[in-house]
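Engineer: Just so you know, we're using this note's numbering here: the sequence shown kicks off at 2 and counts up by one.
A hint or two may mislead.
Below 30 angstroms or equal to it, Euclidean Cα-Cα: the simulated DSBU-like pairs (lysine-lysine) are [stated by the list, open to error]:
{"#": "1", "residue 1": "K116", "residue 2": "K68"}
{"#": "2", "residue 1": "K80", "residue 2": "K70"}
{"#": "3", "residue 1": "K116", "residue 2": "K70"}
Ranges of calculated distance between the beta carbons of each label pair, as one might list FRET restraints [to be verified]:
{"#": "4", "residue 1": "T13", "residue 2": "L124", "range": "39 to 45 angstroms"}
{"#": "5", "residue 1": "V10", "residue 2": "I74", "range": "33 to 39 angstroms"}
{"#": "6", "residue 1": "L124", "residue 2": "K71", "range": "26 to 32 angstroms"}
{"#": "7", "residue 1": "S16", "residue 2": "G113", "range": "34 to 40 angstroms"}
{"#": "8", "residue 1": "T11", "residue 2": "S41", "range": "40 to 46 angstroms"}
{"#": "9", "residue 1": "R86", "residue 2": "Y9", "range": "55 to 61 angstroms"}
{"#": "10", "residue 1": "K104", "residue 2": "W15", "range": "47 to 53 angstroms"}
{"#": "11", "residue 1": "N88", "residue 2": "V10", "range": "54 to 60 angstroms"}
{"#": "12", "residue 1": "E77", "residue 2": "E46", "range": "23 to 29 angstroms"}
{"#": "13", "residue 1": "Y19", "residue 2": "E125", "range": "38 to 44 angstroms"}
{"#": "14", "residue 1": "T13", "residue 2": "G119", "range": "47 to 53 angstroms"}
{"#": "15", "residue 1": "F109", "residue 2": "P73", "range": "21 to 27 angstroms"}
If you are wondering where the hints come from, they were derived from the structure by calculation, not from laboratory data. This structure is a prediction, so every number in the text was calculated from the model and none was measured. The beta-carbon is built from N, C-alpha and C at its ideal position, and this holds for glycine as well.
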Amino acid sequence: KHSKDKMYVTRTEWSRDYGGKKDEKNGYVRNLAFDCCALSLGHFETPVCTKEGVIFDILNIMPYIQKHKKNPITGESMKAKDLIRLNFFKNSEGKYHCPVSYKVFNSFSRIGAVKTTGNVYYLEIIE
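Generate coordinates for the entire structure from the input sequences, incorporating the hints supplied.
Structural biologist: This is how it looks when you write it as structure tokens:
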């Protein structure tokens, strides 16, 4: 008899061969709405972003940086000067929109910011 001839499937065999529960990966579980702070998960008042494009409210991220001196998402070291202040534009109804195309941003909008000015546009406008 072979020592590996078993009448049952082990956890490792199940996950490897038959699609059982996979080990969870660290990373983004789902995308946040563009107007949410990645730290508090609430709507931002004064938005800033990292070079990776993660948006925070300055009132939430500054105490975190002063205490931990690192990015809460990536774990890399970070300073306050690494943050880019974002300038969102609002229309007459108070909704955020692209200042070039005047299209209102929604949860599925692909947006981008110009690093030097912090102005936020639809990504297709920037490209």
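Engineer: Would you mind marking each hint as holding or not holding in the structure?
Structural biologist: Outcome of the hint check:
1. K116 with K68: holds (26 angstroms)
2. K80 with K70: holds (6 angstroms)
3. K116 with K70: Holds, at roughly 22 angstroms.
4. T13 with L124: 39 to 45 angstroms: Taking Cβ atoms as reference, T13 and L124 lie about 42 angstroms apart, which means the hint holds.
5. V10 with I74: 33 to 39 angstroms: holds (38 angstroms)
6. L124 with K71: 26 to 32 angstroms: For K71 against L124, whose Cβ atoms are near 28 angstroms apart, the range 26 to 32 angstroms holds.
7. S16 with G113: 34 to 40 angstroms: Since the Cβ atoms of S16 and G113 sit about 38 angstroms apart, the hinted range of 34 to 40 angstroms holds.
8. T11 with S41: 40 to 46 angstroms: holds (43 angstroms)
9. R86 with Y9: 55 to 61 angstroms: holds (59 angstroms)
10. K104 with W15: 47 to 53 angstroms: holds (48 angstroms)
11. N88 with V10: 54 to 60 angstroms: holds (57 angstroms)
12. E77 with E46: 23 to 29 angstroms: holds (25 angstroms)
13. Y19 with E125: 38 to 44 angstroms: holds (43 angstroms)
14. T13 with G119: 47 to 53 angstroms: About 49 angstroms separates the Cβ atoms of T13 and G119, which means 47 to 53 angstroms holds.
15. F109 with P73: 21 to 27 angstroms: holds (25 angstroms)
The structure shown violates none of the earlier numbered hints.
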